[in-house]
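Here is how the chains run, residue by residue.
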Amino acid sequence: GNSVTQMEGPVTLSEEAFLTINCTYTATGYPSLFWYVQYPGEGLQLLLKATKADDKGSNKGFEATYRKETTSFHLEKGSVQVSDSAVYFCAPTWDNAGNMLTFGGGTRLMVKP
Amino acid sequence: GAGVSQSPSNKVTEKGKDVELRCDPISGHTALYWYRQSLGQGLEFLIYFQGNSAPDKSGLPSDRFSAERTGGSVSTLTIQRTQQEDSAVYLCASSLDGNGGYTFGSGTRLTVV
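Protein chains in written order, with the numbering used here: chain A, 1 to 113; chain B, 1 to 113.
It should be emphasised that the hints constitute simulated quantities derived from the structure, not laboratory data. What you are looking at is a predicted structure, and each value in this text was computed from that prediction instead of being measured. Ideal placement from N, C-alpha and C gives every residue a C-beta, glycine not left out. Honestly, I wouldn't trust all of these hints.
Label-pair ranges, simulated between beta-carbon atoms [unchecked claim]:
#, chain 1, residue 1, chain 2, residue 2, range
1, B, 74, A, 79, 40 to 50 Å
2, B, 56, A, 26, 15 to 25 Å
3, A, 52, B, 85, 33 to 43 Å
4, B, 68, A, 9, 29 to 39 Å
5, A, 53, B, 68, 36 to 46 Å
6, B, 56, A, 16, 40 to 50 Å
7, A, 29, B, 44, 19 to 29 Å
8, B, 109, A, 112, 20 to 30 Å
9, B, 2, A, 39, 17 to 27 Å
Beyond 12 Å from chain A on every Cβ pair, some chain B residues (computed) [said to hold, decoys possible]:
#, residue
10, 8
11, 12
12, 20
13, 72
The following residues of chain B were derived to be distant from chain A, with all beta-carbon distances above 12 Å [what the hints assert, rightly or not]:
#, residue
14, 13
15, 14
16, 24
17, 62
18, 73
19, 76
20, 111
Please build the complete structure, drawing on both the sequences and the hints.
Rendered as structure tokens:
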């Protein structure tokens, strides 16, 4: 079946450090790929997306590239800020599953000043 | 409406009582999803609606859980004879199409005492 695996947290970084949160999926088809973010005390928000191979999604300094050959969609940011502290969820969606998002377990990021 | 609205935002109930959670999706969004987020856990898929029908009910944890959607709009999630393990944040999301990603509501925090 379709599934997604993302790096376990928490990830603790100093401000201005480089961030990578790994995400890989297993699928029989070609999903669209999403990263969602949940800031403390808030709901989930769409961070970025990529709908086909080699697409790069980007938003707020975050980037992720759809890698079909490695079935991955790793999230990166060159210089994190304290305000990036949140839980990040990787979520592919498959057309043959009603476009249902299958969420990874979430990765908590803590950025220290 | 402008966003996905969920009510109530918080619900405390006694074990054994029934509860009803409501989701009002974005106008025109045909797909509606219910997820559950337990403390410190990831997101657990519960049920998905396309219009008024629910092609995928596989995530409902037990027969105490049911959901319906009327008029292709508002959905209610009902939990009968609540148990303490039902305590969680129940999230609703709607989507026009999967490639656009979802818009989440702020959730209903359910506490069973």
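Evaluation of the provided hints:
{"no.": "1", "hint": "B/74 <-> A/79: 40 to 50 Å", "in the structure": "holds, 43 Å"}
{"no.": "2", "hint": "B/56 <-> A/26: 15 to 25 Å", "in the structure": "holds, 19 Å"}
{"no.": "3", "hint": "A/52 <-> B/85: 33 to 43 Å", "in the structure": "holds, 40 Å"}
{"no.": "4", "hint": "B/68 <-> A/9: 29 to 39 Å", "in the structure": "holds, 36 Å"}
{"no.": "5", "hint": "A/53 <-> B/68: 36 to 46 Å", "in the structure": "holds, 38 Å"}
{"no.": "6", "hint": "B/56 <-> A/16: 40 to 50 Å", "in the structure": "holds, 43 Å"}
{"no.": "7", "hint": "A/29 <-> B/44: 19 to 29 Å", "in the structure": "holds, 22 Å"}
{"no.": "8", "hint": "B/109 <-> A/112: 20 to 30 Å", "in the structure": "holds, 28 Å"}
{"no.": "9", "hint": "B/2 <-> A/39: 17 to 27 Å", "in the structure": "holds, 20 Å"}
{"no.": "10", "hint": "8", "in the structure": "holds, 15 Å"}
{"no.": "11", "hint": "12", "in the structure": "holds, 18 Å"}
{"no.": "12", "hint": "20", "in the structure": "holds, 20 Å"}
{"no.": "13", "hint": "72", "in the structure": "holds, 15 Å"}
{"no.": "14", "hint": "13", "in the structure": "holds, 22 Å"}
{"no.": "15", "hint": "14", "in the structure": "holds, 26 Å"}
{"no.": "16", "hint": "24", "in the structure": "holds, 14 Å"}
{"no.": "17", "hint": "62", "in the structure": "holds, 20 Å"}
{"no.": "18", "hint": "73", "in the structure": "holds, 18 Å"}
{"no.": "19", "hint": "76", "in the structure": "holds, 19 Å"}
{"no.": "20", "hint": "111", "in the structure": "holds, 16 Å"}
Violated hints for the displayed structure: none, as all numbered hints are satisfied.
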